[in-house]
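Student: Residue-level listing of the chains:
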Amino acid sequence: MPQVTLTVNGQTHTAEVEGRTLLVELLREKLRLTGTHVGCDTSQCGACVVHINGESVKSCTTLAVMANGAQVTTIEGLAAADGTLHAMQEAFREYHALQCGFCTPGMVMSAIDLVNKHPDGITEQQIREGLEGNLCRCTGYHNIVRAIAAAADVMHGKRTEIASAAQ
Amino acid sequence: MNVVAPFEGIGASLRRKEDFRFLRGRGAYTDDFNRQGQLHAWILRSPHAHARLTSVDTAAAAAMPGVVAVFTGADMAKDNIGGLPCGWQIHNKDGSPMAEPPHPVLAQGKVRHVGDPVAVAIAATREQARDAAEAIAVTYDVLPAAVNMLEAVKPGAPAVHDDVAGNLCYDWHIGDKAVLDAAFAQAAKIVSLDMVNNRLIPNAMEPRAALGEFDPNSGEYTLHTTSQNPHVIRLLMGANVLHIPESKLRVVAPDVGGGFGSKIYHYAEEAIVTWSAGKLGRPVKWTADRSESFMSDAHGRDHISNAQLALDANGKILGLKVHTHANMGAYLSTFAPCVPTYLYATLLAGTYTTPVIYCEVKAVFTNTVPVDAYRGAGRPEATFLLERLMDVAAAETGIDRVELRRRNFIPNDAFPYQTPVALQYDSGNYTATLDQALAAADWAGFESRRAEAARRGKLRGIGCSTYLEACGIAPSAVVGSLGARAGLYEVGTIRVHPTGSVTVLTGAHSHGQGHETTFAQLVADKLGVPTAQVDIVHGDTAKVPFGMGTYGSRSLAVGGSAMMKAMDKIIAKGKRIAAHLMEADVDDIEFDRGTFRVAGTDKTKALVDISVAAYVPHNYPIEELEPGLEETAFYDPKNFTYPGGCHIAEVEICPDTGKVSMVNFTAVDDVGRVINPMIVEGQVQGGIAQGIGQALLETCVYDADGQLLSGSMMDYTMPRADDLAPVSVATHTTLCTHNPLGVKGCGEVGAIGSPPAVINAVVDALRDYGVRSLDMPATPAKMWQIINGGRRAAAE
Amino acid sequence: MYDFAYHKPGSVADAVKLLADPDAKAISGGHTLLPALKHRLNKPSALVDLSGIAELRGIKRVGNAIVIGALTRHVEVATSAEVAAAIPALAYMASHIGDVQVRNRGTIGGSVSNNDPAADYPAAVLGLGATVHTSSRKIAADDFFQGMFTTALEPGEILTAIEFPIVDKAGYAKMKNPASRYVMAGVFVSKAGGAVRVAVNGAGPCVFRQAAMEAALAANWSPDAVANIRQSPDNLNADIHGSAEYRAHLVGVMARRAVAAAG
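Chains A, B and C supply the protein sequences, listed in that same order. Quick note: the first sequence uses the numbering used here, first residue 1, plus one each step. Quick note: the second sequence uses the numbering used here, first residue 1, plus one each step. Quick note: the third sequence uses the numbering used here, first residue 1, plus one each step.
Bound conformation, chain A alone:
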């Protein structure tokens, strides 16, 4: 059986996998990192998005063996060691950008990459189009879009903390 060594959330793991084992299966079943979800089988819903070497990737459409040697970050690895949430996590909470929570890990991981890919600022339309690979059935996206815009301001250094959602 092929062997794969990869670093997940800063920790190095070596595991034996089948050739056909998907990265998401390795994460969920072997490493017990169940925060990464599987919501579809056609690579469309994005519930499984993780970062490989800093970029968002659908872990259901990546073989575990193809992540050999990679740096993987999952939703479990986002918050600081002291528990402080990443700005995107904080913004999702402040803007009520999640309901059932199932799409949320992938949504957050995609959103971070999306903001990173727009270092000069990101418009609402760019956020909406940038979420093409992530489906949410609960929120209607309205609050997700607002949360990402708010997090972008912090990630880009325009603000030191997430702007309050007016309520």
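There could be a bad hint or two in this list.
[Stated by the list, open to error] Pairs of lysine-lysine residues, derived as PhoX-like cross-links and limited to a Cα-Cα distance of at most 25 Å, are as follows:
| # | chain 1 | residue 1 | chain 2 | residue 2 |
| --- | --- | --- | --- | --- |
| 1 | C | K138 | C | K17 |
| 2 | C | K38 | A | K30 |
| 3 | C | K176 | B | K458 |
[What the hints assert, rightly or not] FRET-style restraints, in silico, Cβ to Cβ:
| # | chain 1 | residue 1 | chain 2 | residue 2 | range |
| --- | --- | --- | --- | --- | --- |
| 4 | B | E452 | C | A227 | 17 to 27 Å |
| 5 | B | A542 | C | A36 | 37 to 47 Å |
| 6 | B | P155 | A | R32 | 57 to 67 Å |
| 7 | B | R35 | C | A5 | 29 to 39 Å |
| 8 | A | Q125 | B | D181 | 47 to 57 Å |
| 9 | C | T150 | B | Q108 | 42 to 52 Å |
[Claimed, not checked] Not the full set, but computed from the structure, chain A residues with beta-carbon under 7 Å of chain C:
| # | residue |
| --- | --- |
| 10 | E18 |
| 11 | K58 |
| 12 | G130 |
| 13 | G133 |
In short, the hints are calculated from the structure, not lab data. None of the values given here were measured: they were computed from a predicted structure. Glycine residues also receive a C-beta, built at the ideal position from the N, C-alpha and C atoms.
Given chain A's structure and the hints, the job is docking chains B and C onto it.
Tutor: Same frame as chain A, but now just chains B and C:
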């Protein structure tokens, strides 16, 4: 002493408690659970819509690597496993009961839809189980399929069930036809419209999953499942299918990733894993692939209707006549029969003073996936029919469409208002929600926006719906008399711990609704305990008293009311303890948010003083009062609740591609008292997205042979962020008069009010193309066909 | 998925050897192949992962052309200053393939050699008149795309790079399938001196050139020039999302938009 910051109580947009675990990837969904020695199940499903099973040979499959067992319907029959039960019985016009054919867990003799479970392979890994399932040799004698429901009721159509004549489940009606005919005879204008309410596939983001376990020492079974109502599953599966007493069956619905109705029902896979776990003595897990969900989760909607509205010369509605065919699919899903009857026809008065309504519904079996309640369930179908009809009536009478609605609104002083279709509305203010929405949407200024869009080459339209729903289901005696085989009360237990923190046990189930926050706010508001010290326990039959679960926007109206009643009991007992401690008369004890006070004095005791005394009853009226501070209440609602409001959609159509873009959406909803405005807005936003999805994007398509063409997300259009526009949501409150919180419910309003608003807007945008009837979804191809056809007609 | 052997060769020569097995398949980003394997539509004996072959990476300008290595990901083409300067329509096209995650993993070589009728890249390759470099030869775009999921690649032959000529003008426009977001009808146009190319993807079973539009644009490079040219619906795709007539109509709309975008 407990001090409650006021912003945590009723009316505060408290950020959600549950978000901490969801945002860190620490949610615990069914597929996240793994057990020692766990096996995996893969279900072999029928590739045919309709076929006789000639043989099912499992020998090769059973010999494959990792395979532990392969079971078929024959194995289940040997164990006397029952069929999946239906929870609602409808009666025909002649009083006879509906046809209720068996719904086997694994196929017996015949398969009746693509996806019908035939056998299960159980192996060490999921892929091994799938490998084995593929190796099961099944010979099918393929039969012609009944797919289109209007064809299915014709003589000579293939019989889905051999003993159900004409594929007719029931032929039901409501209302007085003679009175209606008399009203129609007086009409100045009769408007008739044919409508299809498109079939939808729910697609909660978490695919269904089930994990069965059996403990041979205790003889107890445990099922973890993606359910909105674990007690209902325990009852149906234990009593009807597996014949396990409730005391030996625990059902847990942990974090559940969305439901929208589709996770109410008892599904075959739940019984399969539980039964298999018992037979094999090892845990068995099944998790659906998304493509499997498309052909195994109950679908929604799927009505074909003709509606006729009779009006007098002033546009007052004289009567409404509706004929509907409703697709049941191949089997009766748990609550399917009530959806096109008591959740549909009873809504046909809407917000209007229609004096007489007659509706007949034929429910039809077809060789398709079973159809059951999906967000709104019956009420979106009624609302779409009514609100489309109102726009057509306005166009054909020449009365402005907003004015026509105003003329027919139930006036504010008419409540309680008895409709001709059984329901009695308790409160509402339809003019207020309409006016507020018209202002927020700048309805008056629309024509200039239309002109501006025309200069950009776009067709812009605006449309509204003034909808009503009945939810908070439901008074048990009422639904019982209408055929429900269940009570629809809810239970709440308030457990005040010795040191003053609180655990709430509720029969409601949260799968996105934020109960852990909203319910904690009720406790904070009433008992004065900070929400951080209030924990909500739900979804586990081993922990929570028998409750009915979450659907039909009932959690707060029914479950919240149960909690309020239980808290009343806590306060009443607390007063007696406080009276003893402060040596006062119990009638002199006042309670306000955590503090018991002897009226007119500065003598007080905090809730924690009372709870300590209750659990350490050294100084306690032990002769007359039991120790402890825990109370349970079962609340059975007196009536449905009646949220309503106005939704206004504004769209632009690109005439070149036919693509419809949402440009504005305004909702003003009356959901009764709002506990957490942030969560309410989120619920409405989500419902509207599903409504827009139905109107513009989503539809389930079968071909003539019963193959599911929209069988994956490659072909079923799920709303994405860029399909939607910012939505403005506001509330206008009238209180529910019959529950202690004054709440009405907010989970479904978005999906109920929005589809007709969107389609009315699309029809308005196409006003130069003579569109009268428009079936959902308004896809680009369909719009182009209309526009192109119009252009050709104009050119000829 | 059915199980398979996994190989990760370090050179094109080694990959070619491994792919001599007719049941072996090459994989790079995997975003077309893996979904098919997950649905068990395909049962390869082995997957040959090309991602370790450094020589297949990179974007470089060579004379009057941009040469893009087969393993170059869509995001790299979309954000390449070199591509943006030389053939902005190509960068635009790459920036609109699939979604962010597809662009982060999917590669030009995988997309072109798969020749999905609803993929974007084949339109750019054919519309720009690019040359496909393989492990053994160079193939003109006009000879490369042979039918649905079919190309001129021989068994064991690996696409190594694509050479895009730098043209005077180019533009791309597409209508996406509302559900899958793959291309429902797309048009890539280019003009190099008097030579005009119009490639249509999504609408038919394989990317194709639209000769009548090319002639019209050669005579008059403007959106109006194609306004009255009717694409025949014969042999176009039809499904629950749109008829062949609708797709034929969209070809005209997208052609106008592509020319307008090209300027």
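Student: Now tell me if each hint is right for this structure.
Tutor: Each hint tested on the structure:
| no. | hint | result |
| --- | --- | --- |
| 1 | C:K138 - C:K17 | holds, 19 Å |
| 2 | C:K38 - A:K30 | holds, 19 Å |
| 3 | C:K176 - B:K458 | holds, 19 Å |
| 4 | B:E452 - C:A227: 17 to 27 Å | holds, 24 Å |
| 5 | B:A542 - C:A36: 37 to 47 Å | holds, 44 Å |
| 6 | B:P155 - A:R32: 57 to 67 Å | holds, 59 Å |
| 7 | B:R35 - C:A5: 29 to 39 Å | holds, 32 Å |
| 8 | A:Q125 - B:D181: 47 to 57 Å | holds, 55 Å |
| 9 | C:T150 - B:Q108: 42 to 52 Å | holds, 45 Å |
| 10 | E18 | holds, 5 Å |
| 11 | K58 | holds, 5 Å |
| 12 | G130 | holds, 6 Å |
| 13 | G133 | holds, 3 Å |
Of the numbered hints listed earlier, not one is contradicted by the structure.
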